[in-house]
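Trainee: Chain B: place on chain A using the hints.
Protein chains: 2
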Amino acid sequence: MIVVGEKINASRSAVKDFIESRNAQGLIGLAQEQAGAGAHFIDINVGTGSGSREDEVQAMEWAVKEVAPAIDKPICVDSADPAVLGAGLAVLNDGKALINSAKAEDDTLEEVVALAARFNCLLVGLAMDDTGIPPTADGRIEACGKIADACSAKGVPLENVYFDPLVLPVSTDVTQGLVTLDTIKRIKAEFPGAKTIMGLSNISFGLPKRSQLNVGFLHMSALAGLDAAIADPLDQELMTAIKTAQVLLGRDRHCRRYVKAFRN
Amino acid sequence: MIVVGEKINASRSAVKDFIESRNAQGLIGLAQEQAGAGAHFIDINVGTGSGSREDEVQAMEWAVKEVAPAIDKPICVDSADPAVLGAGLAVLNDGKALINSAKAEDDTLEEVVALAARFNCLLVGLAMDDTGIPPTADGRIEACGKIADACSAKGVPLENVYFDPLVLPVSTDVTQGLVTLDTIKRIKAEFPGAKTIMGLSNISFGLPKRSQLNVGFLHMSALAGLDAAIADPLDQELMTAIKTAQVLLGRDRHCRRYVKAFRN
Chain A
1 MIVVGEKINA
11 SRSAVKDFIE
21 SRNAQGLIGL
31 AQEQAGAGAH
41 FIDINVGTGS
51 GSREDEVQAM
61 EWAVKEVAPA
71 IDKPICVDSA
81 DPAVLGAGLA
91 VLNDGKALIN
101 SAKAEDDTLE
111 EVVALAARFN
121 CLLVGLAMDD
131 TGIPPTADGR
141 IEACGKIADA
151 CSAKGVPLEN
161 VYFDPLVLPV
171 STDVTQGLVT
181 LDTIKRIKAE
191 FPGAKTIMGL
201 SNISFGLPKR
211 SQLNVGFLHM
221 SALAGLDAAI
231 ADPLDQELMT
241 AIKTAQVLLG
251 RDRHCRRYVK
261 AFRN
Chain B
1 MIVVGEKINA
11 SRSAVKDFIE
21 SRNAQGLIGL
31 AQEQAGAGAH
41 FIDINVGTGS
51 GSREDEVQAM
61 EWAVKEVAPA
71 IDKPICVDSA
81 DPAVLGAGLA
91 VLNDGKALIN
101 SAKAEDDTLE
111 EVVALAARFN
121 CLLVGLAMDD
131 TGIPPTADGR
141 IEACGKIADA
151 CSAKGVPLEN
161 VYFDPLVLPV
171 STDVTQGLVT
181 LDTIKRIKAE
191 FPGAKTIMGL
201 SNISFGLPKR
211 SQLNVGFLHM
221 SALAGLDAAI
231 ADPLDQELMT
241 AIKTAQVLLG
251 RDRHCRRYVK
261 AFRN
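Keeping their order, the protein sequence lines are chains A and B.
In this text, residue positions in the first sequence follow this note's numbering: the first is 1, and each later residue adds one.
In this text, residue positions in the second sequence follow this note's numbering: the first is 1, and each later residue adds one.
Same shape as in the complex, but just chain A (with noise of 0.2 Å):
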């Protein structure tokens, strides 16, 4: 399973503050941490909240600019404006990068799915659209629909798009377990050769211990057809749930890398 690491976020206080006093090092430390500790992807995400959109496109460029070349994974541009991951994209302009994201919105669709065109990339597609979170998986399936749409008219290929199916909790509503695994399967059987990619810890929002909650929905996910999980790789349980996902569905070749990571 592919691991794309979120710790550059904005949202963190310590990663704004990095952005805000461009303390490159502050990013380069968690880009690196985070690939040693086995993530495929960093997501690099700007968004302070405080700042004019030609700050955010200027922190972009400026935090890609010094992050890509400190590290040896690609980099995934993460922002909901198309300018902030077109500056980024911009800088790297080679082909291995990942958008996040897409959504399924009239008024940014075309445009995001026109850099994942141009810079000939990855792209991440939120099972959402204007009116927010579908709470059914056929409304989620539908906003897919429409991002494969937007793709194919544009020529971005369904092997390059990784759908989101989107989690909501389940102590709001118990069945939003089901509905985003019912989500995958249908994204899987529905649109053949697209992936899918999800930040899973919301499922156990406002439960207690959220970790087990956690570790078994990765699990849940894995059989249902996830093939990347947007997470933080220095979280012991969920990477070793990956482990053993990969085990579990036949895709760790004699155990190998499990036996190597558990023996002692």
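Hints may contain errors.
No copy is singled out in the list; a pair is fine if it fits within one copy or between any two copies.
[To be verified] Straight-line distance between alpha carbons at most 20 Å, and here's what the computed SDA-like set of lysine to any residue pairs gives:
id: 1; residue 1: Lys209; residue 2: Glu237
id: 2; residue 1: Lys96; residue 2: Gln246
id: 3; residue 1: Lys209; residue 2: Asp252
id: 4; residue 1: Lys260; residue 2: Gly206
id: 5; residue 1: Lys146; residue 2: Asp252
id: 6; residue 1: Lys146; residue 2: Glu61
id: 7; residue 1: Lys65; residue 2: Asp173
id: 8; residue 1: Lys260; residue 2: Thr175
id: 9; residue 1: Lys209; residue 2: Thr240
id: 10; residue 1: Lys209; residue 2: Leu238
id: 11; residue 1: Lys185; residue 2: Gly250
id: 12; residue 1: Lys260; residue 2: Pro208
id: 13; residue 1: Lys209; residue 2: Asp173
id: 14; residue 1: Lys188; residue 2: Leu178
id: 15; residue 1: Lys209; residue 2: Gln236
id: 16; residue 1: Lys260; residue 2: Arg210
id: 17; residue 1: Lys185; residue 2: Glu142
id: 18; residue 1: Lys260; residue 2: Phe205
id: 19; residue 1: Lys260; residue 2: Ile2
id: 20; residue 1: Lys209; residue 2: Arg257
id: 21; residue 1: Lys209; residue 2: Asp235
FYI, nobody ran anything at the bench for these hints, they're computed from the structure.
Please read all numbers here as calculations on a predicted model, not as lab measurements.
Mentor: Then chain B, alone, in the frame of chain A:
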């Protein structure tokens, strides 16, 4: 998820001693401990391997007579020998028992199914035949089909049958997790009304940190359609996994049982 408490099994030396010395309090203690920890059925297996068939018949009669009145949970009579099963069922004679187990073998299948019909009780059907455990899901489904046919012939409804897909260690064949999960899905699809049951710890045999693999496999199995586990109800990690799986599959209304168990 239904839990069949597995601790009264003569393959354990303490249990063998209780049986050979007719220490009823020893067995009753194990039964009450498991019932208190959440077991829905108490399995009784008296096969010490050292006595005659008649010894085993007498041991089963004795054990069921002593244990059943001491708990408010039904008994699961556990033997490969129809005579031993029949001896336990005759003592109970109340239609609430579970028979563990029938398999698709010509020389015992009819006799065990006839017991399920006669005592109007539940039956575990193992997905194996005369040649052992088929390595593929196809082979296991075929074995289930033979058991289903025998049940149909004797008037045992599929609703009373718990098919066991069986589990082989991933350490010897890494595809075996998927074979079992696929068998569970196919049982639910091809034998409508039938339930599924298994003792899942065999999945991790020969590997380090077995519990994390068992917990992951429990979640995957629950999503695939597992209805019951043959397990040690005093195994906190597995019992926790059952609770988390119920939440994630929308079976714990308002997460009340989960919050009650884990708040604090």
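Trainee: If you check each hint against the structure, which ones fail?
Mentor: As far as the earlier hints go, 2, 5, 6 and 7 are violated by this structure, in ascending order.
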